[in-house]
Every structure is written in structure tokens, then in C-alpha cells.
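Protein chains: 4
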Amino acid sequence: MPLRSPVEFLRSLRDGRRVIYRGRAVEDVTAHPHLGRGAAHVGVDFRLAHERPTEPLLVDRDDPDRPASRYFTIPRVAADLLRRRDLIEHATREARSFVPLIKEIGTDALFALMIVTAQMDRAAGTSYQRRVRAFYERCREGDLAMAVAQTDAKGDRGRRPSDQPHPDVYVRRVRETAEGVVVRGAKAHTTNAVFANEIIVLPTRAMADGDADYAVAFAVPADTPGLTMVASPRGFSATSEFDNPLSSRYSLTESLTIFDDVFVPWERVFMCGEWRDAGALAKTFVEFHRFTAVSYKTPLLELLLGSAALIADYHGLLGAAHVRDKLARLIMYLHTGRGLTTAAASECRVREGIAVPDPIMTNAGKYQFARGYHDAVRDVQDLAGGLIVTGPAEEDWAAPEVRALIEPFLAGRASVGAEDRLRVMNLIRDLVASDLGGYLEVLAIHAEGSLETQKLTVLMDYDLAPLKQAAARAAGVTG
Amino acid sequence: MPLRSPVEFLRSLRDGRRVIYRGRAVEDVTAHPHLGRGAAHVGVDFRLAHERPTEPLLVDRDDPDRPASRYFTIPRVAADLLRRRDLIEHATREARSFVPLIKEIGTDALFALMIVTAQMDRAAGTSYQRRVRAFYERCREGDLAMAVAQTDAKGDRGRRPSDQPHPDVYVRRVRETAEGVVVRGAKAHTTNAVFANEIIVLPTRAMADGDADYAVAFAVPADTPGLTMVASPRGFSATSEFDNPLSSRYSLTESLTIFDDVFVPWERVFMCGEWRDAGALAKTFVEFHRFTAVSYKTPLLELLLGSAALIADYHGLLGAAHVRDKLARLIMYLHTGRGLTTAAASECRVREGIAVPDPIMTNAGKYQFARGYHDAVRDVQDLAGGLIVTGPAEEDWAAPEVRALIEPFLAGRASVGAEDRLRVMNLIRDLVASDLGGYLEVLAIHAEGSLETQKLTVLMDYDLAPLKQAAARAAGVTG
Amino acid sequence: MPLRSPVEFLRSLRDGRRVIYRGRAVEDVTAHPHLGRGAAHVGVDFRLAHERPTEPLLVDRDDPDRPASRYFTIPRVAADLLRRRDLIEHATREARSFVPLIKEIGTDALFALMIVTAQMDRAAGTSYQRRVRAFYERCREGDLAMAVAQTDAKGDRGRRPSDQPHPDVYVRRVRETAEGVVVRGAKAHTTNAVFANEIIVLPTRAMADGDADYAVAFAVPADTPGLTMVASPRGFSATSEFDNPLSSRYSLTESLTIFDDVFVPWERVFMCGEWRDAGALAKTFVEFHRFTAVSYKTPLLELLLGSAALIADYHGLLGAAHVRDKLARLIMYLHTGRGLTTAAASECRVREGIAVPDPIMTNAGKYQFARGYHDAVRDVQDLAGGLIVTGPAEEDWAAPEVRALIEPFLAGRASVGAEDRLRVMNLIRDLVASDLGGYLEVLAIHAEGSLETQKLTVLMDYDLAPLKQAAARAAGVTG
Amino acid sequence: MPLRSPVEFLRSLRDGRRVIYRGRAVEDVTAHPHLGRGAAHVGVDFRLAHERPTEPLLVDRDDPDRPASRYFTIPRVAADLLRRRDLIEHATREARSFVPLIKEIGTDALFALMIVTAQMDRAAGTSYQRRVRAFYERCREGDLAMAVAQTDAKGDRGRRPSDQPHPDVYVRRVRETAEGVVVRGAKAHTTNAVFANEIIVLPTRAMADGDADYAVAFAVPADTPGLTMVASPRGFSATSEFDNPLSSRYSLTESLTIFDDVFVPWERVFMCGEWRDAGALAKTFVEFHRFTAVSYKTPLLELLLGSAALIADYHGLLGAAHVRDKLARLIMYLHTGRGLTTAAASECRVREGIAVPDPIMTNAGKYQFARGYHDAVRDVQDLAGGLIVTGPAEEDWAAPEVRALIEPFLAGRASVGAEDRLRVMNLIRDLVASDLGGYLEVLAIHAEGSLETQKLTVLMDYDLAPLKQAAARAAGVTG
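Protein chains in written order, with our numbering: chain G, 55 to 533; chain E, 55 to 533; chain C, 55 to 533; chain W, 55 to 533.
Some hints could be false.
Said to hold, decoys possible - Taking CB as the label site, the calculated pair distances span:
| no. | chain 1 | residue 1 | chain 2 | residue 2 | range |
| --- | --- | --- | --- | --- | --- |
| 1 | G | Asp517 | W | Glu81 | 44 to 54 Å |
| 2 | E | Arg457 | G | Asp517 | 47 to 57 Å |
| 3 | G | Gly212 | E | Ser59 | 43 to 53 Å |
| 4 | G | Asp517 | E | Thr293 | 48 to 58 Å |
| 5 | E | Thr293 | G | Glu148 | 30 to 40 Å |
| 6 | E | Gly212 | W | Glu105 | 26 to 36 Å |
| 7 | G | Asp515 | E | Arg457 | 53 to 63 Å |
Derived by calculation from the structure, the hints in this document are not laboratory data.
None of these values were measured; they are calculated from a predicted model.
Just so it is clear, CB atoms sit at the ideal spot from N, CA and C, and this is done for glycine as well.
Based on the provided sequences and hints, a complete structural model is requested.
Following this line, the structure appears as C-alpha cells:
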């Protein structure tokens, strides 16, 4: 049933999954006052493909009998990665800069699993690759929504999985049976898992010898017994569309995803004890996923830049030197990240037949984005002015006598009315000075790995030897 | 009645003032669900002095018959400014980093008015100084709470007051009578005016010839007819003490303060048409007020640093190199600002008998604070981890079965329990990734003048000539 | 005579050109003690093509009868620009990070002239395009070395060309004759003009109505009467290969290029009075030339990174966290710039049949390079240690008894001898803490336009309107 | 013989000391073409005191019978430290920003030795304090010039002194005799030791158990047998006063100071094996010395700022927004460092009767200086323009016909002649884009400890516990 409609997608979420929100079990996530909004938002991916089924950016019709969502297209060459980037940008722009992340991360994980299990099978004679391919076909055929649970609870971050005060702070194999494996533990901030059909679980880091029980990868349906998702209300709890035009309508929903002795049949197990391969899987996933990450940042930065330019215009300040300076820097910032996705795709490496974005370019892009985000926020706040956090509320504007009182003082340059200016200030506050703004700042540095992990990854991938040798030659060092 | 008790202070606010909050008139600000919290908070200044009336830091007993709040002590030497700094730090620390600003800004304005009116009177034979002194005595004797309204609505920011599309976007003189002057217009983000007894109004910038009507300074009681304060709900609307331990309990309340043909008797008028002096008054106020500003930042930065160190400890990461790097930078940042207040006080200049903090040091301190704040926020967010914006809510923790489910996964290093860790993460989110966090970021760059204004002030004050001459000598340029 | 040998190239420079060095006329630049070194260095472009005439990167054999240096290949598609980037990187790497700039800039100018004169001819019926094409063929056929003189002396930088105290501080048309035009003025820092066969002159900025005499573009042979080049000794005057392994062997030679009533025949005049087109020509040249610029930075940054890693290794510090942090940042920095050239080529626009690198990506790349260079220098200096500027000289090392005395104290970690460590420290000092190092820093921010000009260019090119409209929609602003 | 004249000082340097420069032994440092210049420069301290013997800033006459150089005044209160700061600034300004460092560092070391030996004696019953006091009196009475040798050669920087491949890469005790101790090893970059009467040697770091032989502190006269100083030519080898107005006239002379079995009599030994106290001594010295360091930076930053403002003026750009922005930032930068010395003095702690500058403020000041130096350099280079590294040489200017040719093109705005502009550009190149400029950059980050050491020091000194507790309270964490 490829190309599910949004209605079909939403219907599929009413399946008995166990979701907790603010201390209470949620009967139906699509009907819940808060989560329902998130469900509607992430449906954008289905809506777009359903509305324009012949649009190549959205739908892959290479096999005309089996059209599928473009997200499932396995990248073979640079152009495939560029189109994937464009698709992610497009869907995110449609959703006012909020990436749906209902197929993006899942396919990132599937591509990584294909590559790493091929290597594992070749080295150890296992047959994981076949399982991954079968699961991939299932997701593609069913046009399924997927979440990826990777980051463990971690406990003492200075210790390895098997060296923790509590044994479950990394997801682990509890026991194996003839039919499958039983797992326990929790994964933190799983994005949109509450709206997924399938939860793909990956290890979060390289493992050492004693950590074999923690080297597990698998997939489970969202309604699997023993699986509970505690959804976080952070970032998107606003209710006034006037005051918070974004965070009252869109949402990314993160959950603490708990595996309480969940049984996984062997067909859905993709790694189980192979601790030497855990690092490769974590890293390969991240090579795809950081590329996705940088791709979905562009629409957010476009919105920041557009808002900043608009409010500067409303203030009558578009000609001021310091304003132009800030706008120029925002443009440079936006296009540095975007340009590096182009470069990452162009310089991809093909592994096991799959095009992997260049990890140095990808990490450089992610790093530049994360490193510069707070500066960009500061520039936007600077251009917007203090009134974004000291101005009147929706109710003030709605009360005619209050509105009459304040209206003259909220207008901008000639012909810019108070309401327009107030709406743009509200948009900017929502983006950069609110619960949502805080969420986005933290997301900028922590999602898809912190700044430190990007540095680590780059150092791991980089061959310094030839550059050291060239330097030695330039220095006249011989031998 | 010096040294009013908090109760007396609160009682004085029930005076018929016209305050609007979320579209509705507020009967009694002290009894209002949201504003009442702010009133209680700003009362800290009264509470401290009342509780410890013999503490020199809090109470000035130089004239034993007329003890007064220390804020009113006119600084004569560096030590007075240092004590003023210490007082501001102390009260702000008592209030979990939220400066009460109920006497600080008011006395900043009074000191500036004393200096500038002395110069004006000397130059033009006016008698403003006497009025300022009388008003000062009234405030001191009555232990009054004062707000300062300075920033105008501004309209088109590229145009001067008299060149605006709408004539009222800067507060202006509408007409004079034998008894006083009638003023109209609005001042933006007046801090805690809704909790003040007196509103002191100052011009916001230098004026030019045609702007004489906009060169007005005066003071009015908060319940003056024609005065309306539209209080902003931004930044401090949280309600759960668990989720938002700060923004649910403290608040700074900004208002749009509207003067709808307000009559001011001559005794309360401190400038009226003297456009040549408007810039000097605006600037002198700012010389005091930015010193106040840098002083009240210290407790906030202490709280950021303490929280960051605490959560790094909970995570088991205090020994990690990148963690230590970030903590060291936070320490440097905190003490750079604080050190510059020491320097600004130590290098004060005495004008008209009043010690004025060195403007270069003051502005350097404010600039370094503002320039570095977002970096500090990023470092704190980085240390805290993504869970601060993806974690469970108060209701999850309150529901026993949910708590049981999630508790093992929220604990930190050995002996750090989930609740403690969750509380500290909530504190950090409240500080750096929330409506409050956004408010604080915007405050960092806009309150007491934006980064651009600090650069402008420094350039205005700085005599580059001797340094240029020394450079010319070093270059061998003669003549 | 395509594919000239280095010998032929050098011979062509002995042509009576007027070059001044340190106050004296230079008879033969190829035989001059200082300039001869530069001549040898820039010959690398000829050497490479001559040595490997079948290498497509170096030689264009699309027309087998007329092979030509690859630099002359007119880019038609993205791949051409990528190959051009690779060629520039290759030649620069061959020359230890010092770009020869003997064909790069010249062809940048020719491509720009082709585009802009096509537009000019179409609009005004002129026939400049034909002249440009003929001149291009001449250069290509003759395998000529070309310099570009663009930056005028400028005088008062706050004034336009026609509004200067001295009329000649921008190069100008003095008079026209039937045969051509007579020009006067000077161009600053013309790179390697003293080693060029042809000097191409372009306007440096947009002009206004009264500036018509300053809107001139043309080409003259280096030995044209009236042309004098005052070569600068800065940056590359070192003489000890031990102490300064780079600046004693390589050089970029900048000159003040003076036109003292130089006659240019019409066939070599490409703009003469069309002030409206001066800006477009200046800007189009820069679109190519900044792409060249970012391309030739890569080998320099590779050398910085390689040297930094090597010295950290010698110090025994490769495992230290702060060292790894700095190396990771250097990697990110290097590949951000390089990635943006890939993006600039990939997203090129075809104008008049010529592929022009995307100006936003190009400028972002140049800006990120220039903005980050001093940070990179600081990191390299930090890793290298103070000894690079406090250590012994070549003569100390050459004196056996001094060497014996100091040798034990200059060794690094086990197995790293004193001489190797000293050589690498010397390389690093030469790169980042010397006359050359200073030259490179200034080059980083001023060559190919300062940071301010990159911001200006980006703002000029960027269409903010769609982003402002999208922001308005997101804010709910209608109409 | 207090208050020696410069002549007496220079005479005292002709004592048979063993100095090597560029591979050759130097007979008389005062008569040497290069070193003689340095000797003349550092004599400024003697000249000033000799010329103005009643000036309290320069001469301490507290005991009228025993006037002494003010540098020797032991600081007892904040005002003493401020005067010391002012003295260092004054002498450095007199020498065009080049600190003489002939009494500054030596007294820093003596104050530290007084404090730490008092503690050592009290704890262990030794009598080092008496020796230090006697040595101090000798230096004070003799008005001696002193150098401090602290930084060891270090070898493998990842290993402790006793764990090195070569045993001598840290200075060490070889053997003890009844009369004293014999030491061996080398200290790197000892500033102006070649011009000192006494060399004071301190340990460079904290030591561990096996390092006892490396825990040595002592003083030796510069002509002690076995002591050799290999002076570095770096940074100050320029010869043209026109091209390099600073580095051709001033110099700081660093040496590799080698102890080849030097005998030190017990009276001059201040630590010998007490490895537990090595860290305290190194650190206490640095507490004084970084205060000295930040103090002597002010004149350099004044010169940078003055040069930048002057050249911007010459260019006709003083009114440009981006120029004003850069000047404002340079002002902030300069006064941040300077303000923190004021704060460090004001918040000093008295230890063993001696006022020690507050280490947090001192390190914050040093860190801000070092962290911002390259940014300041970039801004100055940016303001100066590319011509500083591409312009003509002294010989061009000296040749009348060349001068006539180039003069019109080197002038600035109206009334700014070419020679003045060229001189200022030369000054700026000398400061920020030359061998000297590179030396100053490296000095900025490495002298008196690198950025990393400042962070380490601050973390070591800082008591995070109260801030963590306050954060815990704010979070509602109990117990």
C-alpha cells in the first residue's frame, strides 16, 4: 500500500501503543489535544506525496509498479543525495521549518544497517543483511513511519555501559530464546516515536569487550508489549496562535522510550552481541543522519534570516550599517551550512553500493551550524529589539479599548501597521526567545551529536599522515 | 517614614493606578495572580532593610535621625560606588538572580538629574536642581519605590522625534500651563513601573533643534490621571515550580507606559524644551545605570556557573577536559564583568560632587557581558545535555507508576538520584532554554542599551587624540 | 607556441620592461637576486604543463591541433569549474602553498570581460567582445603570463574617483586619439605583474556619472612605454633556508603599477567611458577571482594543519584533549572553505555561455576563510609553543660547539631529534610568526577584497524578498 | 649604590658573562651591534629613575637614607600594586610599548619566594626565608638588574621531569656539597637574561614524588662559571628605521639559558628537593607575574589603537560605520585588560604580609588579553589596508626619481602627505605584519603561560562549591 494518505497514516497510529503525556496514558495520539497537533504536523510527508504523486522529488517511480516515497530511495550517486537533501528541505519548508522526521531518520538508519550488516555478514558469516533488507522492504511497501532510538540514558557519562551503577541505563540484551531476544533499558529523546509505526533501535557508541550485551540493534512495532513512550511537553506547549505562531501549531515530540523486557523476534534483530561492530553502526548511521540534520536546518535559517530582514525593514533600519552587517553575516551563515551539504553529497563515497555523504564535509557543516547558531540568534534578537519580550499579549490586542490605547506606539516606519509589526515580533520571539527558542538552541548543539562528537568524528575519520609528511618535506625534515 | 516594611510597601501600591494585564484592568496589583508574584519579589529590597536595619550595606545611618535605604546614598567616592555595587549584588542574589529594580534605577536617574540640572541651571539660570533635590528628599524620606521610563516607542527608528509619521512615538510636551506641563506619548519596557510609587521620565536620546517638545524630564506618581501601564506577561508566565523553579516564582515586569495627556506640575518637571541638554541627561543616566546593570548580572552568572558545575558533577563529567574548559571560560566571563565594575568604581570621576563610575570601564563591562552571554548560554546548554528540553514533565514525576518507570533512567553518577538531577535540569532549562531563558538573552543585549549603543558611548567618551599623537611619534611623523 | 617551457617563459620576461626594486631599476627580473626567485617560482605553471603535456588537468587538448594550458579553458559546466579549482590547488601545492597567479587571475579577468562586453555590446552596439576574444586567443595561443591590475591607489577612500584631491589616484583616460587612448594613474598591489607578459587593467569599483574617465579597461604588454612597476620587497626577503624554509625560496611579488601617459591601441581597449558598466565588470571579475582565491587557500591551510599536527606529535602531545580540540577545529576550518568551492562550482550559473561560480557560495567561502584565518594562526602558534620565536638561529646550529650545547634541550619526545624539531618550528615561524606570516595574515583579509566587500557583495546579490515573504506568511501577516 | 645610572648599569654588564649570538660568543653585550641595542633599551628603567630621583612613582624614599628603585617596594596594600602597575605602564610607554623587564620579573620572583619560603620554613624548619631576604637586600641595595629563568626545555611534554628520555630537559640538582649544590639543564626563553646582573631560577611546575631533584630554586650572577646564554635573534633583527621603526630600535632578548654543572652556594639556594612546594612557588610567582604581564600590555594596545585610528584618519575613513565599529572594539579590548588589573589590585589578598593580586582577576585579564589579541591584530590590519605589505621600501622612497613617481599615489585624504602615510603604514606593518608582529602574537598567547594554563590556574583557584550549593538551593535540591 505505497503512498499512504495522511488519513491512512493517522489511522495506523491508533494501535494500542503505550504513550504517556504529562503523567497520563494517551488513548489515541491523533486525538490528543497536544500530541494530535504533532501527528497532524508530521503527516506533511504523507500529504505532499499523496497530493503530488507524480512529482519525482516526492515519489520514486523507478519501478512503475511499485511507486514509493522518495525517502526510501537508496542513494547510489551524488545526485541521489542532493535530491534527498532537496526533499528534506522541501518538506521542512512546507512545515514552517519543522522537519517531520518520520521517514528521514528511519531511512538514515536503514542505509547504515545495510552497509554495516553487509560487512558483518562477510566477516562473521551472519545473515543480518537479509533481515535488514526484508525489514526495509516491509517499511517501503507499507509506506511506514519510522523512528530511530539511539541515545541511551547513560547514567554516569564517564563510564562504559557495563560499568554503570545501574545495568539498564544502556539498552541491553537480557536473554535470548529460540524465537528472539528480550531487551531492557531506555533510549532518551527519540524524536516522533509516538507517531511512528516502527521503532528502529541502534547502539549509541563504540563498545568494548565486556559490553557485548549492550551491542544490540533491532526494530519493533510501536505497539509492541513492554514498550512505553513518555512524551515530553517541552518546547511546543504554547496555545496562542497570535503569541506563538509556530510553537502553538507545530511540534517535534521527543520521548523517553522504555523497553521493559521487550521481546524481539530474530527476524527483527540486526545486531546482538557483536560489540566490535557497534561503533561502526553508530558512526555510519550518524554519517547519514548528520547529513539529514544539516539539510533540515536550512529552512530554519531561512526563516530566521527572513524574519530579521522583515523586522529591520519594519523598523525603518534596512539602510543602517550595523543592520546590513548582521544580515550579511546571517546570509553567510545560512549558506555555509547549505553549501557544505552540496559538497558532502558531491564528494560522497560509495560503500556496499550505497552513496554515503562525505563525513568531513557533513561534520563540518553540522559543526558550523551548531557553532554559529547562538550568534545567529543574538543577531536576530539584536535586530528585533527588546519589545519582543516586553510587549503586549494577545488579550491586550483583542481588547478594543486596550488596542486603541497601544496601537499608535506599536507601528513601525510609515505604512507599517502595529498589527503586522506585532505579529512579526511574535514570530521572532517564538523562534528565538521562548520555550521553543530554547528548545531550538539546545537542539542546535545536541541533536545528532554535540559539538564535541563532531570534533571526535572528524578526528577519527581524518588521515593526518599525508599532511604531516608534506609539512615535514616543506620543513626539510628528511627520513 | 523611612525603612518601610514590605507590608507598607505593598499597601502603597493599592492606590488606583491603572494597570492592564492580558487585556484587563488590574484592580490590585498585589493581589493579582501573576502580578502579585512580581510585587512580592520586588519587595525583597524592603524586606532586607527592614529585617536588618543596622546593617550598613542596607541602611544608611550617617544621619542617625534620618536612616534611609542605602540605595539613596549619594556616592561621593569610589567606596560608595563599590558599596552600591555590593548592595545590588546582595539583593539580587537574595532573589535568585532577579534584581528587584525598585530603587536601583530610580536613584540612578536621580543622581544623573542632580548632575545635569546643576549644569543646566548654571548655564541658563533655571532652577531645576532645587526641584530635583526636593523630589529626591521626598523619595528618600518616604522610602519610595521608583521606576524609570526612558525608551520611547520610536516608530521609524531611522528618524528623529520630530520627523516621525506619528507625533506621539516619542513622549512630548503637548502644552504648558501656569501650573505645569501636559505630556503625551508612551515609553516602552519600563521595568517594574507597576510596582513603583513614582515614575521618573527621562529623554531617551540626544535631540536636535526641532525636537524641543520632546526634551522633557519629569516625575509622576503611579496613580496620576492619564497614565496607563500595559504590563507584559512575557518571560515569567510559568506556573509549575517543579518545571520552572525560577520563572514560576520571580518576575521582572515590563510595561508599555502610556501618557495620555498627563498633567505634571512644575515642581516635578526637570527638563522642558532644553533640547541641547537631552543628550547629556540620557547619557549621564546611562553612566550610572549601566554600572547598576553590570552589577546585577553577577548573581545571574554565578547561578549559571553553579548550575553548570552541578550538572556536570551529576553527569560524572567533572574531570573531562572539555567540561573543565567550559567551566574555566564561564569563570573568566563572570569575573571579567565583575572586575570591570570594580575598575569602574575605582576610577570614578566626581561631577557636581557626585561620583560617577568611569564610563569606559562601565561600558566595557556591559559590552563584555552582552557580547559573551549567548556563548555562556551555549556552554551551559552543552554541559547540561539535550534532556533538559526532552525530559519528562512534573505530572510524569508526580504519577507514581510513571515515576517508577522512568526513575532508573534519570539518575546520574552513583549516588545522584533522579529527582535531584531532574530538578537541576529543570533549573537549567528555566535559565537558558525557556520563555525566561529567551527573555534573559534579549535582556542581555538590549537592556540598558544595545551592543551598538555601548560602542557609540565609548567612542563618544574616548579621547583618541593622545593615542594618535603617540602613534605618530612612534612612526616618526613630525609636525 | 602553446605550452611554453619554463625557459621560454623566463626568456620572454627579458624584454625591456621597467621594474624598480628597492630604489633601483632592474635590468633583468629573471637574473635579479630577489626577483629571480619569484620568476622561478611562478614558472611552476609552465613546468607542470611542460612536463606532463598529456595530463588533462594541466593541458586542454579538446582541439588536438591546438593544445593549450588548462587555465584558458572557458568553463561551460560545473565540472569545468571543479577542474579549474583542482588545477589551482595542484599547482599551489606543488609550490608549497604559494599560488603562482600567472594565469589564474588573467583568465578570471578574461572570462569576466567576455561576459560583460557581450552585455555591453548588446546594449550599446559596441564591439568590445570581439576585441576581448581576439586578445584571449592571443594569450592562449602564446601561452602568455598575465597579471591583473585592479585596485587603484584610491587617495581619500571616502570619496569617488572624480572627487579626489589628486585626479590620478584612480587610473583614468587622459585623452583619446584615432589610434587609441592615453591613460594615467597607478594600480596598487598588482600580483606578479613583473613576471607577466600582459597586464590586464580593470576598474576597481562601480562608477557614477562624473566618473566616466575612470571607467577604463584594457590590456598592455609589460614592456609598454610609460609603464613602471615598483616591486615590493615585503614578506619574502628572508635569506636563510634553515630559518625561513618558505620565504627564502618562494615569493609573491606585488607591485605598484604606474601608468604615466601610457598609450593603448583601440584593439586592446575593453571599456572606455561606459561608467554604468564599470561596477558589473569589477563584480564579475571578482566572482571568478574569489573562487580562484578560495581554491588557492586550501594548500596553505593543509600546510598549517600538517605542521600543527607534526609539531604536536614531536612535543608528545597528540593525545592531549586541548590539542585534539585545536586540530579538529583546523580540519573543520580547512574543509569549510574547500567545501564551499565545491558548492560554488556545483551551483554555478551560466552567463553568456560561461559558467560563473555561485557568488553567494564563493563569497561565503572567502568570508569564512578570511574570518577564521587569525584564529587558525593562533591555534597553530599555540600548538607550536613559544620557542618558535625565542629559539636559536641557523648560525647557532651550524657552530659545532654551540650545537653540542643546545642539542639536548631542543629534542622532543623520544626519537624526535633536535634538528627535525627545530626545522619544523622554523617552518611554523615562517608561516605564522614572521614577515611572511604577517603578509599572509594581511593577504587573508585584504586580497580579493576585504571582509567588508564580501559582505557588501553578498547583500548586493541576495534576494531577500522571498524569505521576507515567507517570514510574513509564517507570522500571519496578510497582504 | 642605589639608583645606578644607565652608564653604571651598562658597565656592570661587561663582566665576562658567556653569551652566544648567531653562533658566536659575544665579547661585550653592550657593544654588540644587535644586543647593544637591547642593552640600551632595557636601560630605560635606570634612566627614568636617575633622571627623576624624587618622583615617587619611580623611586621609593620611604627610608630617606636608602632610596631604591620603586620596583623593589614590597606591596603591602592595594595601592602599592596599583602603583606598581602604573610604574610598569609608564616605563613601557616610555619605550614605545616594549617593557624593559629588567626589574619587573625579578621582583615578581622575589615576592613569591618571600611568601613561599615563609610557608616552607614554618612547615619544615628550614631557613630559606632568611636567604631570600638577604638576596633581596643585595639586589635592592645594588640596584641590580634581574632575570627569571623558569620555563624548562621540557622534551616530551606529556611526561613528568623524572620520566623524560633525557634527564636534563628540566633543570636539576646533580649533586650537593657542603658549600652548595651543582645544577644542570636549560631554561628556555629567559627574557633579557643577557642584560641582567642576577639570574633567578624557579621551578616551572608542580612536581611529584620522584621529581625531587627537579625541585630547585636559586639565584646566580650572570657571569657564573658554567652558565651560557644563547640569545635568540628572532623578532627584532630589522635594520631600517624607516621600514621598521620599532623592531630596528627596541628589543626583547630571549635566551636559552644553559646550566652546565653550575655551582650555587647555599646562601643562594631557595629550594632544593622540596618537591611538594615546587607547585606553590611556580604558581605564586605567576600570580605576581601575570599581573605584571597584563600591566605591560596596556601600552602595546594603546599603540595599536592609536595607529589604527591614525591610519583610518589618513585614509579619510574615520566616519565609516565599520571603521568606528572596529575602533570601539579595540577600545573595549584595551580597557577590559586594564580594568582587570585595577580589579586584581583592588581585590588583592595579603599573604605573609605581602599583597598578592587577586588570581582570578589577574588570570581573567591575561586570558582576555591573550584570547583577543589576534582579533585586535586582524582589526588593525583590516583598517590599515593591504598596502602595508605590498608597498615600497625605504630605498624606493630615498631614490628621488622613484619617489617622484610614486608619491602622488601614496597620499591619503587631503593634507595627508605620502611620507606621513607611509611612515604610519610602516609602523603598523612593524607592529602587526612582520617578524616583530609574529613575535608579539606568539608572546600574547605563550608569555607568562598559555591560554590553557590560565584556564588551569583559574580552575585550581576557584571554589565552585558555594555556587553549586546555591544552584542546588535554587533548583530545590535538598540535603
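(request) Hint by hint, work out which the structure violates, then give me just those numbers in ascending order. (result) 6, 7
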